[in-house]
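Student: For reference, the chains in residue letters:
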Amino acid sequence: MIERRPVLTFLTHTVLIFGVLAICFPLWMALVASTHDGSRLSQDPLPLWFGDQGLATYTKLMTEGAAGAGTASVGRMLLNSAIMAVGITAGKIAISLTAAYAIVFFRFPFRMISFWLIFVTLMLPVEVRILPTFDVAADMLKPVRSLWDVIAGDALFSQWLGYEVRLEIPRLSLLNSYPGLILPLIASATATFLFRQVFLTIPDSLVEAAKMDGAGPWRFFRDILLPMSRTNIAALTIILFIYGWNQYVWPLVVTTDADYTTVVMGIQRMVNSGEALPVWHEIMGTAVLALLPPVIVVLAMQKLFVKGLTEQEK
Amino acid sequence: MATVVMEGLSKTYRGGVDAVSGVDLEIRDGELIVIVGPSGCGKSTLLRMVAGLESITAGSLLIDGQKVNRLEPAERDIAMVFQNYALYPHMTVFDNLAYGLKNRGESRSEIRRKVRAAAESLELSELLKRKPSELSGGQRQRVAMGRAIVRQPKLFLFDEPLSNLDAKLRVSMRLEIKRLQRELGTTSLYVTHDQVEAMTLADRLVAMNGGRVEQVGTPMELYREPATLFVAGFIGSPAMNILPGTVRDRAVWFGDVGFSQLDRPDGETVSIGIRPEHFILRPIGASPLGGTVELVEHLGSDVFVHVDVLREREMHRLVVRLRDGNIPEEGTGIGVDLEPGKLRLFDADGAAIAPPGRR
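Protein chains in written order, with UniProt numbering: chain V, 1 to 314; chain S, 1 to 359.
There may be inaccurate statements among the hints.
Stated by the list, open to error - With a straight-line cut-off of 30 angstroms between C-alpha atoms, the simulated DSS-like cross-links for lysine-lysine are: (1) K211/V <-> K342/S; (2) K154/S <-> K114/S; (3) K303/V <-> K131/S; (4) K303/V <-> K168/S; (5) K178/S <-> K154/S; (6) K129/S <-> K67/S; (7) K129/S <-> K178/S; (8) K114/S <-> K303/V; (9) K168/S <-> K129/S; (10) K303/V <-> K129/S; (11) K131/S <-> K114/S; (12) K168/S <-> K102/S; (13) K178/S <-> K211/V; (14) K211/V <-> K67/S; (15) K211/V <-> K102/S; (16) K114/S <-> K211/V.
Just so you know, the hints here were simulated from the structure itself, not pulled from any lab data.
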């Protein structure tokens, strides 16, 4: 239905413009606030146009860091966030692709059980399993050690071998490390499920044609499956990168060292800086910087995403 | 170029369903064999067993004398054309044709030469840079064919390759397949449920029913001398007329009409098969067999006259094929006669009884 009455056109435009303003105004304020110095921001009214402190604020943030955010510079925080988000995205996509590939195209015992086990982990996000996950992250081999203790491994093997043995299982900690930030978040039931649905739409005859053409499992995966699901991979990359970038609780738990602070943690720390007053222009500057990488990823991937949608594939 | 031998080839699915049971077949070098049968008769399963896409439960499959039961599809050196073409949607026509060669590790120049040659013979040269989604149905079909011939395999397998095309394209692609197969001389196995395809393409025809081979022979052998009642009913359109008959006094009777000499015990029931073109229409009363014209179908070159005949309180529908001459009107009475020596007889188990005079 197309209405062409001027009043309605005016009304729809008003609503849309209002919506755009409602979304953009806070961003605008953050951008403006980051270019003033701290004292100007505590005066009434708040400035609506750029000040002259922008360059100084951003230079300080990138090199020295903000007040109340520990010792790391925002540049370092951005790097940490980027490593974490890229690691999580790449890991989730790689693991989900291979898991879905196994579940859809191979027949092995407990195939459906495996699928449902993966599926129920949807109900266990990191916030729910944070204590046990931390326990394992702090001491990776703890489950092995517990098992060894339960079966009384030392006594068992001493008896069996005839002389005293003691197995010392070392502590392997992921605290304050990039693997610690990435690994506990690296599996994704949602992505596995999505790829499974994508793979299920691929006709059997295509698999068979590839078989006749002499493509083994690996070639089929690389030459046929990956290119055919590249639009889905692009869409997931956007979603998962933002998911990884916005992680807050887990990085807070697993890192104490300022060198591993992510930018989302950093902002939170700047706002709740304890005794000192929050330094708003630096906080706003950090927030603006933290916004940029997700925006860049969306813009970069959007091209591929749209291309995949317009390019008709059957 | 290859010979294929099937010895007692069988497929039993888990759960005990026999899809294919005990197929014996010898395919000579360069022959085009068409397997025909109703859906669910096991013809596609048999083809997929030859391809290696379906495991073989019992029996053996030999290609060029070598047993290939356990070989992977690619190792059998076979190419297959699928019903829905199964082209790789993200690859250009060139890449679609080249993929099998690439996987075999052939050199780039060799691949380019072979793809060009295959594209040439199928008139695809202009389309090599397009993707399957940019092609028409007929063009996709040709790409699927190209993918098969480019590898120069020992054996072509066709799984109802024309059933997704419209009627006109089907005819031209049928001729195309025939021409290519003659030209390349590659042994081929072709599965279809379409009679016209089966009759026109086949060097020899294999009629299958219920997982078994009913008859193997040239198309005309199957048409003229069907070995079983099933083949008689399946080959030919409209189908052969089948009338119930009984043996009495060393002759076959349909009600009170005696048909043919038959040296069988009295009281045996037989089936009388008569092709539609072997009837002769007579004025009513001029023939012992008479009925009412229920329907006249004009097909241009042929006229099908449906005649209802009442015998022993049962109505039997006969289809008579006429070329021209007097076309009776619907609703009128008519006499039906037979061309001598053209009827086929089948015993109660459906096996053909040798006609008198031919032992």
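Student: A separate judgement is required for each hint: does it hold in the structure or not?
Tutor: Tested hints:
no.: 1; hint: K211/V <-> K342/S; result: violated (49 angstroms)
no.: 2; hint: K154/S <-> K114/S; result: holds (16 angstroms)
no.: 3; hint: K303/V <-> K131/S; result: holds (20 angstroms)
no.: 4; hint: K303/V <-> K168/S; result: violated (42 angstroms)
no.: 5; hint: K178/S <-> K154/S; result: holds (17 angstroms)
no.: 6; hint: K129/S <-> K67/S; result: violated (40 angstroms)
no.: 7; hint: K129/S <-> K178/S; result: holds (27 angstroms)
no.: 8; hint: K114/S <-> K303/V; result: violated (36 angstroms)
no.: 9; hint: K168/S <-> K129/S; result: holds (27 angstroms)
no.: 10; hint: K303/V <-> K129/S; result: holds (23 angstroms)
no.: 11; hint: K131/S <-> K114/S; result: holds (19 angstroms)
no.: 12; hint: K168/S <-> K102/S; result: violated (35 angstroms)
no.: 13; hint: K178/S <-> K211/V; result: holds (26 angstroms)
no.: 14; hint: K211/V <-> K67/S; result: holds (20 angstroms)
no.: 15; hint: K211/V <-> K102/S; result: holds (13 angstroms)
no.: 16; hint: K114/S <-> K211/V; result: holds (20 angstroms)
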